[in-house]
Amino acid sequence: EPEVTQTPSHQVTQMGQEVILRCVPISNHLYFYWYRQILGQKVEFLVSFYNNEISEKSEIFDDQFSVERPDGSNFTLKIRSTKLEDSAMYFCASTERLSTDTQYFGPGTRLTVL
Amino acid sequence: AQSVTQLGSHVSVSEGALVLLRCNYSSSVPPYLFWYVQYPNQGLQLLLKYTTGATLVKGINGFEAEFKKSETSFHLTKPSAHMSDAAEYFCAVSDRANQGGKLIFGQGTELSVKP
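From first to last, the protein sequence lines stand for chains A and B. Letter 48 of the first sequence, counting from 1, is numbered 48 in this note's numbering, and no numbers are missing. Letter 54 of the second sequence, counting from 1, is numbered 54 in this note's numbering, and no numbers are missing.
Read the hints as simulated data drawn from the structure, not as lab findings. Values in this document were obtained by computation on a predicted structure and should not be read as measured data. You may find that some hints are simply not true.
To be verified - Under 7 Å between C-beta atoms, here's a sample of chain B residues computed to sit facing chain A:
#1 G43
#2 Y50
#3 G101
#4 T109
#5 S112
#6 V113
#7 K114
Ideal Cβ placement from N, Cα and C applies to all residues, glycine included.
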């Protein structure tokens, strides 16, 4: 069964460093998402991406964040200068269609900022 | 704006007992509703979803949920809990008001199953 994959599973970085989180969505899916979950809190939407551009972004997704689909398979989330409060589990998701269709989630990347 | 509230951050049941996880939503448009499950160190897996049609929705692993518009609820149930059901459960509503189709999640309910 096709699945969303994410690498790395765990990333430790120093405050102020740049990180890139990588995702490979399901191959025929067209809509891509990043969510995050701070420990003990709810899953929060960060950004949605379709047709090589951002469809929607949340207030969390400020200028320090960017997303890219550099080739036909990868979907990346970059944090330019990490802060302590960026420590969280980051989930990538994809779906073939909007709204009614299921969003398939990857296993997540745990980002720890020291 | 849409929102989701899950009552009870932690629910504990005995094996074989009824599982009831509560979810209430707020939505300005007819909602699309989802339940996801997260096992330890894994991603979110869809249990079931409601879009239109029959209000009682059956999902995987014996779970079902009923959409009740009058109560703005979408509670998750399973007649008989199994040890393998221990996990975190998230209720979500799809934001149909915007193009992005994002999911808005509740706070999550951790289900423990006692032998």
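Here is what the structure says about each hint:
no., hint, result
1, G43, "holds (4 Å)"
2, Y50, "violated (10 Å)"
3, G101, "holds (4 Å)"
4, T109, "violated (11 Å)"
5, S112, "violated (16 Å)"
6, V113, "violated (21 Å)"
7, K114, "violated (23 Å)"
Hints 2, 4, 5, 6 and 7 from the list above are not met by this structure, while the remaining hints are.
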